[in-house]
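*Asks:* Going down the list, the sequences are from chains S and F.
Per the working numbering, residue 1 is the first one in the first sequence, and the count goes up by one each step.
Per the working numbering, residue 1 is the first one in the second sequence, and the count goes up by one each step.
Just so you know, the hints here were simulated from the structure itself, not pulled from any lab data.
Heads up, some of the hints might be wrong.
One-sided excerpt, in silico: chain S residues whose CB lies under 7 Å from chain F [what the hints assert, rightly or not]:
id	residue
1	C43
2	S88
3	L377
4	K396
5	W441
6	P445
7	R447
Here are the simulated lysine-lysine pairs, DSS-like style, with alpha carbons at most 30 Å apart [what the hints assert, rightly or not]:
id	chain 1	residue 1	chain 2	residue 2
8	F	K219	S	K15
9	S	K386	F	K371
10	S	K102	F	K371
11	S	K102	F	K351
Where a beta carbon is used, it is the ideal one built from N, C-alpha and C, also for glycine.
Chain by chain, the residues:
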Amino acid sequence: MIELLPERRAQVVRKAAGTPAADLPCGKASTAGSVSQRACVFCGSRVVLYPISDALHIVHGPIGCAAYTWDIRGALSSGPELHRHSFSTDLQEMDVIFGGEKKLEAALVELIAHYQPKAAFIYSTCIVGLIGDDVGAVCRRVGEKTGIPVLPVHSEGFKGTKKDGYRAACEALYKLVGTGDLSGISPHSVNILGEFNLAGETWILRDYYKRMGVEVVACITGDARIEDIRRCHGAKLNLVQCSGSMTHLAKMMERDHGLPFKRVSYFGLEDMSAALYEAAKFFSDDPTIMFRAQQLVREEIGAIYPELQRYKQKLVGKKAAIYVGGAFKAFSLVRALRLLGMETAVVGSQTGDLEDYRQLQEISDPGTIIVDDSNPLELAKFCLEKDVDLFIGGVKERPIAYKLGIGFCDHNHERKEPLAGFVGMLNFAREVYASVASPVWQFAPRRASRGKEAIGT
Amino acid sequence: MNVIAEDEEPCSKNFSSTRNACKLCTPLGACLVFRGVEGCIPFLHGSQGCSTYIRRYLISHFREPMDIASSNFHEESAIFGGSSNFQQGALNVMRQYQPQLIGAATTCLAETIGEDMPRLLHDLREKHGPRVTAPIVTVSTASYRGTHIDGFHAAVKALVDQLAQPGETTGAVNLFPGMVSAADLRLLKEIITDFGLNYTLLPDYSETMDGETWLHYEKLQSGGTPLKAIAATGSAKASVEFGRTLATGETAGACLLKKFSVPRHLLGLPIGIRESDAFFQLLSELSGHPTPVKYQRERGRLVDSLIDGHKYVFEKRAIVYGEEDLVIGLASFLCEIGVTPVLCATGGHSKQFEKALREAAPLLPADSLVKERFDFAEIAETAPALEPDFFIGSSKGYRAARDLKVPLVRVGFPIHDRIGGQRVLHLGYRGAQELYDRVVNALLDAKQETSTVGYAYL
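Produce the entire structure from the sequences given, and follow the hints as far as they go.
*Replies:* Encoded structure:
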């Protein structure tokens, strides 16, 4: 009924017991006409830099790219909210013919004068590369004129995949790193990379580290200020959560500033605890940090465990499909679902790499479908085949689930409930429960018909 | 590429940039139209991001699947042309979806490198003839030319231009409603049917974008204007087109008039009493039947309720924004009920806006602001001095309304912060009734909320 395109077959594997992990040909451009769930280079840059709330983010191009990214993420700020605006040069036909440099320069000068940002990011969109605007030169001129960093982001949509956009964002950020004052930074200090303060998650994590006695110099980019990024090289360790987006920045900081990095995840009890212990182990010169970390983990888990167990009783044996942007999040979700007694039957991502998919196969149960760069038809096919009860994904996956009478849990940038941290695990369990246990499913035709078969009518 | 001189016009804005746009890009409108055709899949010739962003934006409003294919340009396609990507993409879509039609819209990227769509189609057929299982309609939608509503009208026009056939004149009527809600489309079908007319409604996403939950998976949601009905638009006895700003535009109705001499009737969007009267009057003429009693009663109840509630709304000040023709319809309705639209703003720039608006709403005070090419930052900056009592428009005006602590009546597209945007009814007497009740109740609600007394009897 639903057939995989020949070009796509190698990007789908089924975990087989006792065989070595297969290599997925990932990281390549999406197949034309496959209706990929991925976005573009611009999207990759935009999502990474978006939460920096005291910077001006201006999209150089026609209106669409700016309009579709206006105030869409749940990334909160404890101070300025410049990031919630959408600024665009809104290029018109004559700009395309004669070039958009003048308009960009005028736009920048006016916006900087009006909004007084601490820095400006200028995102190039598809046609900027084609019409030959020298965005770098405009940025230099405006930077000199205004005295703030004006940073080009080379994010032309067609020049690669979303991952190349992450890289372009890291390159732009890296121009700021190393330019700030390091005084007063604790010897027990970290940066959190790849955490975006969706629904205030950064604040939850900052609180944990504070209670352990570890200073967070910068969270990049959740609730970030330009000044934090300038001085983040003064921290002693980088903790990289969304590794797909931020490993490049961490590697540059390791190379030039000797800052080691560790991959962590803040989703689920096991990964959350491990993330805190990583930092505590690193600062072994002060054993009280580990002591406090253990105490914190005990307290936090103790506080939520009874309620988690209640949800587990209701959820045990249910099956889930996961399709998310970055593969690292998928690992945490598989483990978090397991903690709730649930099985992951389908798991995939837009931007996972070879190693990610190997690891995913290792932690998955036999029979699990693992997929790279999937699309609506494939995802529907897998959901039907595995007869899942829950789908975890983003807005674009939601209707696939709902139309088939499958519960859905949003784990994307738009979400408004914190899912990170220990309290986040409880929120996650509640949401999974609400998604699976609602009485509305009894009326969904697929479910209703299943019920009839069961009672033999 | 056609050079349009109007883009050169100096504009009197304080900012060269657009801040929080009150418009979207052209291909979005085209994609929505194509999902309103039976078995049609939208296909964007450009970067992967365009289709993904537009999908997410439409899904967040309609809460329905919205599959849009992409030819997924890479660097080589941008340099050497996107022909091979287009071919591969089109063949893959046909193979996977078995569509009845592909609606191919260009993006700014394809337009800038000068992609010649007829040639791409020709190459595709030449090279892969037997594998080309569906016709392809193309539309040029460069996002640096116009807004989403221009893309919408351009796609409707492309469909009739490329699919309509000549034939013996039938008694059927073409209706080109413009970008209205799924509930509006259902109402229009009900009305025309009640007049006893056969019709082609284009587009018709009333089922595809507001459908049921499935028993079996549907690759493309069922519903939409059948291709046969689009072919028949060339032999209809008349076209009815909504949109006062379209008078001089190259629209579907204008195209059918020119090619097949199908008479074109251009009306404003039937929002409020007089614009709806004009629509019912026209249907009455076209069908030879009086307005059915059911609608006479609807009109009667509407008038009765306007009288019941007139004191609550009289001289209340409204900020209205959105697509030009929607704003014109809403302003016309608000003036009828005694509300003063103090600012009518649109991100569009047809240059017909103010003239058409004042014709539709003769009661609009001369000092009411009417702004083309406006954005939400400008709306927010202009609003405080206007002391509005409420905003009416898409959910994107929420923050501006919230800053002033006045209610927002959510209409049009998009509604991203409430459920049911696709079911908001705007058109006809029934739509006016719904709008009226919502406006009055929003004002009563605000009055109650801000009162220290807490009256439960208003």
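*Asks:* Hint by hint, say whether it matches the structure.
*Replies:* Each hint tested on the structure:
no.: 1; hint: C43; in the structure: holds, 5 Å
no.: 2; hint: S88; in the structure: holds, 5 Å
no.: 3; hint: L377; in the structure: holds, 6 Å
no.: 4; hint: K396; in the structure: holds, 6 Å
no.: 5; hint: W441; in the structure: violated, 10 Å
no.: 6; hint: P445; in the structure: holds, 4 Å
no.: 7; hint: R447; in the structure: violated, 9 Å
no.: 8; hint: F:K219 x S:K15; in the structure: holds, 27 Å
no.: 9; hint: S:K386 x F:K371; in the structure: violated, 54 Å
no.: 10; hint: S:K102 x F:K371; in the structure: holds, 25 Å
no.: 11; hint: S:K102 x F:K351; in the structure: holds, 25 Å
Hints 5, 7 and 9 from the list above are not met by this structure, while the remaining hints are.
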